[in-house]
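Take the given structure of chain A and dock chain B to it, following the hints.
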Amino acid sequence: MQSKLNFEKPLIELDTQLQQLKAFAGANPEIDISKGLTALEENAKAQTRKIFKKLTRWDKVQLSRHEQRPQSFAYIDALFDDPVELHGDKCYGDDRALVGGLAWFEEQPIVYLAQQKGRDLKERQEMSFGYTRPEGYRKAKRLMKLAEKFDRPIISLVDTPGAHFDRGSEERGQSVAIAENLAEMARLPVPILVVVIGEGGSGGALAIAAGDRVLMMEYAIYCVAPPEACSGIVWKDNGEHAPEAAEGYKPIAEDLIQLSIIDGIIREPLGGAHRNPVQATRNVKKAIKKHLADLITIDRDTLVQQRYDRYRRLGVYGERMDAV
Amino acid sequence: MAAERAIAQIDQTIICRGCQAEIPLETFIQALKVCSTCDAHAALGARERLDLLVDRETFVENDTDLYSINPLNFPNYESKLERDTKKTKLPYELLTGEGEIGGHQVNLAIGDVGFIGGTMGSVAGEKLTRTIERATQNRLPLITVSVSGGMRMQEGTLALMQMQKTAAACVRHSEAGLFYISIVTDPTYGGATASFVSLGHVVIAEPYARIGFAGPRAVAGIHEQLPDNFQKSEFLLEHGMIDCIVHRHQMQSFLVSLLDWVN
Numbered sequence: 001m002q003s004k005l006n007f008e009k010p011l012i013e014l015d016t017q018l019q020q021l022k023a024f025a026g027a028n029p030e031i032d033i034s035k036g037l038t039a040l041e042e043n044a045k046a047q048t049r050k051i052f053k054k055l056t057r058w059d060k061v062q063l064s065r066h067e068q069r070p071q072s073f074a075y076i077d078a079l080f081d082d083p084v085e086l087h088g089d090k091c092y093g094d095d096r097a098l099v100g101g102l103a104w105f106e107e108q109p110i111v112y113l114a115q116q117k118g119r120d121l122k123e124r125q126e127m128s129f130g131y132t133r134p135e136g137y138r139k140a141k142r143l144m145k146l147a148e149k150f151d152r153p154i155i156s157l158v159d160t161p162g163a164h165f166d167r168g169s170e171e172r173g174q175s176v177a178i179a180e181n182l183a184e185m186a187r188l189p190v191p192i193l194v195v196v197i198g199e200g201g202s203g204g205a206l207a208i209a210a211g212d213r214v215l216m217m218e219y220a221i222y223c224v225a226p227p228e229a230c231s232g233i234v235w236k237d238n239g240e241h242a243p244e245a246a247e248g249y250k251p252i253a254e255d256l257i258q259l260s261i262i263d264g265i266i267r268e269p270l271g272g273a274h275r276n277p278v279q280a281t282r283n284v285k286k287a288i289k290k291h292l293a294d295l296i297t298i299d300r301d302t303l304v305q306q307r308y309d310r311y312r313r314l315g316v317y318g319e320r321m322d323a324v
Numbered sequence: 001m002a003a004e005r006a007i008a009q010i011d012q013t014i015i016c017r018g019c020q021a022e023i024p025l026e027t028f029i030q031a032l033k034v035c036s037t038c039d040a041h042a043a044l045g046a047r048e049r050l051d052l053l054v055d056r057e058t059f060v061e062n063d064t065d066l067y068s069i070n071p072l073n074f075p076n077y078e079s080k081l082e083r084d085t086k087k088t089k090l091p092y093e094l095l096t097g098e099g100e101i102g103g104h105q106v107n108l109a110i111g112d113v114g115f116i117g118g119t120m121g122s123v124a125g126e127k128l129t130r131t132i133e134r135a136t137q138n139r140l141p142l143i144t145v146s147v148s149g150g151m152r153m154q155e156g157t158l159a160l161m162q163m164q165k166t167a168a169a170c171v172r173h174s175e176a177g178l179f180y181i182s183i184v185t186d187p188t189y190g191g192a193t194a195s196f197v198s199l200g201h202v203v204i205a206e207p208y209a210r211i212g213f214a215g216p217r218a219v220a221g222i223h224e225q226l227p228d229n230f231q232k233s234e235f236l237l238e239h240g241m242i243d244c245i246v247h248r249h250q251m252q253s254f255l256v257s258l259l260d261w262v263n
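Each protein sequence line maps, in turn, to chains A and B. Residue 194 in the working numbering sits at position 194 of the first sequence, with consecutive numbering throughout. Residue 42 in the working numbering sits at position 42 of the second sequence, with consecutive numbering throughout.
Treat the hints loosely; a few may be bogus.
[To be verified] Computed from the model, here is a short list of chain A residues facing chain B with C-beta under 8 Å:
{"#": "1", "residue": "Gly88"}
{"#": "2", "residue": "Cys91"}
{"#": "3", "residue": "Tyr92"}
{"#": "4", "residue": "Ser175"}
{"#": "5", "residue": "Ile178"}
{"#": "6", "residue": "Ala179"}
{"#": "7", "residue": "Leu182"}
{"#": "8", "residue": "Ala186"}
{"#": "9", "residue": "Tyr222"}
{"#": "10", "residue": "Val224"}
{"#": "11", "residue": "Ala229"}
{"#": "12", "residue": "Gly232"}
{"#": "13", "residue": "Ile233"}
{"#": "14", "residue": "Asp237"}
{"#": "15", "residue": "Arg320"}
[Unchecked claim] Below, simulated DMTMM-like cross-link-like pairs (lysine to aspartate or glutamate); rule was C-alpha separation at most 25 Å, straight line:
{"#": "16", "chain 1": "A", "residue 1": "Lys236", "chain 2": "B", "residue 2": "Glu78"}
{"#": "17", "chain 1": "B", "residue 1": "Lys80", "chain 2": "A", "residue 2": "Glu244"}
{"#": "18", "chain 1": "B", "residue 1": "Lys89", "chain 2": "A", "residue 2": "Glu319"}
{"#": "19", "chain 1": "B", "residue 1": "Lys80", "chain 2": "A", "residue 2": "Asp309"}
{"#": "20", "chain 1": "B", "residue 1": "Lys87", "chain 2": "A", "residue 2": "Asp59"}
{"#": "21", "chain 1": "B", "residue 1": "Lys80", "chain 2": "A", "residue 2": "Glu319"}
{"#": "22", "chain 1": "A", "residue 1": "Lys145", "chain 2": "B", "residue 2": "Glu175"}
{"#": "23", "chain 1": "A", "residue 1": "Lys9", "chain 2": "A", "residue 2": "Asp82"}
{"#": "24", "chain 1": "B", "residue 1": "Lys80", "chain 2": "A", "residue 2": "Glu247"}
FYI, nobody ran anything at the bench for these hints, they're computed from the structure. Note that beta-carbon positions come from the ideal geometry of N, C-alpha and C, so glycine has one too.
With the rest of the complex left out, here is chain A (with noise of 0.2 Å):
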């Protein structure tokens, strides 16, 4: 059973003939199929450039999304060489929704950190379905600080609706362990490296996304809450103009390059990362490859500084000059 949006549904079905029309050209070898199949194939990347060239925010939104969608686990496995997972706060628990440890990429050793869904029911329910939790922002921040020790680069990977809102979150202080993270970014003299691979959702997002270099997928979004919230906010209903608060809040990957809140974007496969996993995890490595190659050469002094100045730049507003 395959989960699509609807506006995948045209492409599915394209999928579906291409798969029949195989497996027909499999089982009658003696007739030769190849033109109709190729003419097949073309339609249906005709089809999926058109759909996806008309896609609105409020698309993008359910494509970053996506059930699908390739999680940090992907990433972690396609990116790294021998990774070591550290488990832990050392305070409370061990939030499974944001991971982290030790690895190698290429030749570099580096910390990384990685928010995760899960893949299943039973890995979502483990995973709190990606809401990050204050152990897991404690976590990133003891690795943060061992990165630090060890003078290594930090790789983060972001995707979480946002940070969890249940009791126990606020009872174990979630203001102050994101707060810490801020705080703990804005002074780390090594350098972070960030890719917003799904959802980048809000302070949740940001606790681990501070960094010096922010990449996005192509139909990734980083909000300031989800379009849900938002809807509930402005609106006051239960989210239902969360299509209304995505094109008004611009929380997709073109909105926020134009706002220098990100560096990149990285280009994903045709319909999406999910539609060719292993051609998504390429792309995200030859742009890690290529910041981090800049970063690593910014001597530390300076790379704190333009962090501090990254951020410092972000916001619009007006200003009267009155004629004193």
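What follows is chain B alone, placed relative to chain A:
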């Protein structure tokens, strides 16, 4: 005792919704908008708060020329800005400047809940950052009085970025060896709580103030059993997330004693 903050006003009489007490307006204002019966602390505007904390005629306001625009073309944002500018008589959500508290020179930032729910957008982020940077430059203590509905939805991810911008400025202020007192008032939620608010060296809350990360709407969605004082000052104190709770009537003298201690 969990008092409601909401009050109603009929002519010259205030009705406290927490305890139904009827209080003459003049008495209520003299008591700094604290209910004389149940001790509920009603909301103060930024100017009222300023008068309460800062030595008379020492305050110099900064950055009055910044105002919010609609950078993302979010529907109906301009009309809300216009409405709340009229209502609060402030063109922004945060009053900033320099003044003296018990003779101590400090930099101050005071929020106003009347302005788009006290949410934080680019203007509040910029004004707060400038205030913190000035405090760092002039080697002065920083005092923030927060009241916040979180980050401003209408400014999207730009608003979110103000968390990092202000947090980073706090770090520099702190690394310069300077003192930051964060006062939290009712209500303070979301990105404000999860950034500069929680980075104070001393975090003080007013009694019964609602303080949290997740908004009440989100929390209600989980259907968990919650204690009566959930996300109130008393709950945060119990769980070790704030340093102390100080009554509004004692706030000014409490600040003076802290400032005396560091200077």
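Structure-based check of each hint:
1. For A/Gly88, the suggested interface contact is broken, since its CB lies about 20 Å from the closest CB of chain B, more than 8 Å.
2. With a least beta-carbon distance of about 12 Å to chain B, the hint placing A/Cys91 at the interface is violated under the 8 Å criterion.
3. The criterion of a C-beta within 8 Å of any C-beta in chain B is not met by A/Tyr92, whose closest approach is roughly 12 Å, and the hint is violated.
4. Interface hint status for A/Ser175: upheld, as the beta-carbon distance to the closest one in chain B is roughly 4 Å, under 8 Å.
5. This hint holds: A/Ile178 has a C-beta 4 Å from the nearest C-beta of chain B, less than the 8 Å allowed.
6. With 8 Å as the threshold, the beta carbon of A/Ala179 comes within range of chain B, its nearest partner Cβ sitting at about 4 Å, so the hint holds.
7. Satisfaction of the interface hint for A/Leu182 is found here, the shortest Cβ-Cβ separation to chain B being roughly 4 Å, below the 8 Å cut-off.
8. Interface hint at A/Ala186: satisfied, since its Cβ lies 4 Å from the closest Cβ of chain B, which is below the 8 Å cut-off.
9. Because the beta carbon of A/Tyr222 sits about 6 Å from the nearest beta carbon in chain B, less than 8 Å, this interface hint is met.
10. The restraint placing A/Val224 at the interface with chain B holds, with a minimum CB-CB distance near 4 Å, inside the 8 Å limit.
11. Because the closest C-beta pair between A/Ala229 and chain B is about 7 Å apart, less than 8 Å, the hint holds.
12. Using the Cβ-Cβ criterion of 8 Å, the hint placing A/Gly232 at the interface with chain B is satisfied: the shortest such distance is roughly 6 Å.
13. For A/Ile233, the interface hint holds, the least distance from its beta-carbon to any beta-carbon of chain B being 5 Å, beneath 8 Å.
14. Residue-level restraint check for A/Asp237 is violated (minimum Cβ-Cβ distance to chain B is 11 Å; threshold 8 Å).
15. For A/Arg320, the suggested interface contact is upheld, since its CB lies about 4 Å from the closest CB of chain B, less than 8 Å.
16. For the hint pairing A/Lys236 with B/Glu78, the CA-to-CA distance comes to about 18 Å; that is within 25 Å, so the pair holds.
17. A threshold of 25 Å between alpha carbons decides the hint, and for B/Lys80 with A/Glu244 the separation of about 17 Å falls inside it, so the pair holds.
18. With a CA separation close to 17 Å, the supplied pair B/Lys89 and A/Glu319 stays within the 25 Å bound.
19. Restraint check: the Cα-Cα separation between B/Lys80 and A/Asp309 comes to about 31 Å, which exceeds 25 Å; the hinted pair is violated.
20. Restraint check for B/Lys87 and A/Asp59: not satisfied, since their Cα atoms lie roughly 38 Å apart, outside the 25 Å limit.
21. About 19 Å separates the Cα atoms of B/Lys80 and A/Glu319, which keeps this hinted pair within 25 Å; it holds.
22. Of the supplied pair hints, the one linking A/Lys145 and B/Glu175 holds, its CA atoms being roughly 17 Å apart against a limit of 25 Å.
23. Distance check on the hinted pair: A/Lys9 and A/Asp82 sit about 39 Å apart at the alpha-carbon level, beyond 25 Å; violated.
24. A threshold of 25 Å between alpha carbons decides the hint, and for B/Lys80 with A/Glu247 the separation of about 18 Å falls inside it, so the pair holds.
Hints 1, 2, 3, 14, 19, 20 and 23, counting from the list given before, are not met by this structure.
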